[in-house]
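Novice: Going down the list, the sequences are from chains E and D. Quick note on this note's numbering: the first sequence kicks off at 1 and runs consecutively. Quick note on this note's numbering: the second sequence kicks off at 1 and runs consecutively.
Rather than coming from a laboratory, the hints here were simulated on the basis of the structure. Even for Gly, the Cβ is constructed at its ideal location relative to N, Cα and C. Take the hints with a grain of salt, since some may be wrong.
To be verified - Using C-beta positions, here's what the derived DEER-type ranges look like:
{"#": "1", "chain 1": "E", "residue 1": "Ser-67", "chain 2": "D", "residue 2": "Thr-78", "range": "44 to 52 Å"}
{"#": "2", "chain 1": "D", "residue 1": "Ala-70", "chain 2": "E", "residue 2": "Lys-70", "range": "37 to 45 Å"}
{"#": "3", "chain 1": "D", "residue 1": "Tyr-96", "chain 2": "E", "residue 2": "Gly-40", "range": "36 to 44 Å"}
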Amino acid sequence: DVKVTQSSRYLVKRTGEKVFLECVQDMDHENMFWYRQDPGLGLRLIYFSYDVKMKEKGDIPEGYSVSREKKERFSLILESASTNQTSMYLCASSRSDLTGANYGYTFGSGTRLTVV
Amino acid sequence: GENVEQHPSTLSVQEGDSAVIKCTYSDSASNYFPWYKQELGKRPQLIIDIRSNVGEKKDQRIAVTLNKTAKHFSLHITETQPEDSAVYFCAARLGYSTLTFGKGTMLLVSP
Chain E
1 DVKVTQSSRY
11 LVKRTGEKVF
21 LECVQDMDHE
31 NMFWYRQDPG
41 LGLRLIYFSY
51 DVKMKEKGDI
61 PEGYSVSREK
71 KERFSLILES
81 ASTNQTSMYL
91 CASSRSDLTG
101 ANYGYTFGSG
111 TRLTVV
Chain D
1 GENVEQHPST
11 LSVQEGDSAV
21 IKCTYSDSAS
31 NYFPWYKQEL
41 GKRPQLIIDI
51 RSNVGEKKDQ
61 RIAVTLNKTA
71 KHFSLHITET
81 QPEDSAVYFC
91 AARLGYSTLT
101 FGKGTMLLVS
111 P
């Protein structure tokens, strides 16, 4: 069974702090993603990665950065946390087929971040 | 990029009734359409998906239909049960790229 593990279930941080959200998957998936989930807005893509040390901006990358030093780990970084970054953050991973297309995201349980 | 619209935002049904959730997408090149179920406090989980070369797919009480001409796809749940209560998300993939999600439908099944 594929597992995507997010290091923290709940986090409370102060405005201006640097925040690290960690995600680890154990199925050797090439692709990893960070989404944020807000009521009425659904899931919005922040950043994604198709390979180690590779990253691509999603739809809402402002205020965030990422790191992928190892295939199994994808970190989301809030450089200077702000109250509008209070949200549920979901990590996901997926495999690619021989054509490079990716299917069937597996999500982590999420990190609920509150910035005060 | 792709844009996915999902309706309705909430849906209430009686146990045993059918439920239908509809999504439309903007780019005719989109080729993969998964549906996710998220129970309260849990992670979204893939429940069914369909590729653009197929018009319909069924898995027990769940089915998905795809109309490429109209650029819409739908989730059908028959004989609903209280444990079907959850938020359902549709998504579309453009080319080989990432998934774009709809805003979700909260389904409430009353006993």
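Novice: Is 44 to 52 Å a correct range for the gap between the Cβ atoms of E:Ser-67 and D:Thr-78?
Specialist: With Cβ atoms ~45 Å apart, the hint holds.
Novice: When you take the CB atoms of D:Ala-70 and E:Lys-70, is the distance between them in 37 to 45 Å?
Specialist: Given a distance of about 44 Å, which is inside 37 to 45 Å, the answer is holds.
Novice: Note whether the CB distance of D:Tyr-96 and E:Gly-40 lies within 36 to 44 Å or breaks it.
Specialist: violated, 29 Å
Hint 3 from the earlier list is the only one contradicted by this structure; the remaining hints agree with it.
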